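Residues 3 to 136 in this note's numbering are what the sequence shown spells out, letter by letter.
A couple of the hints might just be wrong.
Said to hold, decoys possible - The calculated label-pair distances, taken between Cβ atoms and stated as ranges, are:
no. : residue 1 : residue 2 : range
1   : Ser-108   : Ala-21    : 18 to 26 Å
2   : Ser-108   : Gln-82    : 35 to 43 Å
3   : Asp-4     : Gly-52    : 17 to 25 Å
4   : Gly-52    : Pro-114   : 15 to 23 Å
5   : Ser-108   : Asp-33    : 35 to 43 Å
6   : Ser-78    : Gly-103   : 14 to 22 Å
7   : Asp-80    : Lys-32    : 20 to 28 Å
8   : Glu-31    : Glu-117   : 18 to 26 Å
9   : Ala-21    : Asp-84    : 19 to 27 Å
10  : Gly-6     : Ala-37    : 36 to 44 Å
11  : Ala-86    : Asp-4     : 38 to 46 Å
12  : Gly-109   : Lys-32    : 18 to 26 Å
13  : Lys-32    : Glu-58    : 12 to 20 Å
Calculated from the structure, these hints are not laboratory results. Treat the numbers as computed from the prediction; the structure is a model and nothing was measured. No residue lacks a Cβ here, since even glycine has one placed at the ideal position from N, Cα and C.
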Amino acid sequence: MDMGKYRAVFLEEATEHLAEMSRALLELEKDPGCAESVDVLFRMAHSIKGMAASLEYASITDISHRFEDRVQAVRSGDVQLDAAGLALLFRGLEGLERMVGSVRRSGMPPPPEPELAAVLALTGNPPEGTQKKA
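All chains should be built: construct the whole structure from the sequences, respecting the hints.
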């Protein structure tokens, strides 16, 4: 199997998805209640997760899954998205961009980012800005 071919497709599509995620986050800065932007974030993170998993890029799969879970919690109304929560999603996006850039430069899966994974995790006390609704 020619992994270079699949890696090139992954890089092209992941780059497009990350750009869509960036646009959606910028829209959420203007309109935090924009359900369409939340849906875009979810779909793009889900797509990146699937593509990364198929190439065994475990670290990208993990971070995109955690990002997707956090967006799903907003989407379902379990948590409210405020400025701090939006900053957390921007941090997740920056992490994914960094990881995809690492694949672009080295052709290898990037190392895990446990600190970013912990920040995006939904277990335990939710980070500031994504408090559960009362």
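Identify every previously stated hint that the structure contradicts and give their numbers, smallest first. 6, 12 and 13
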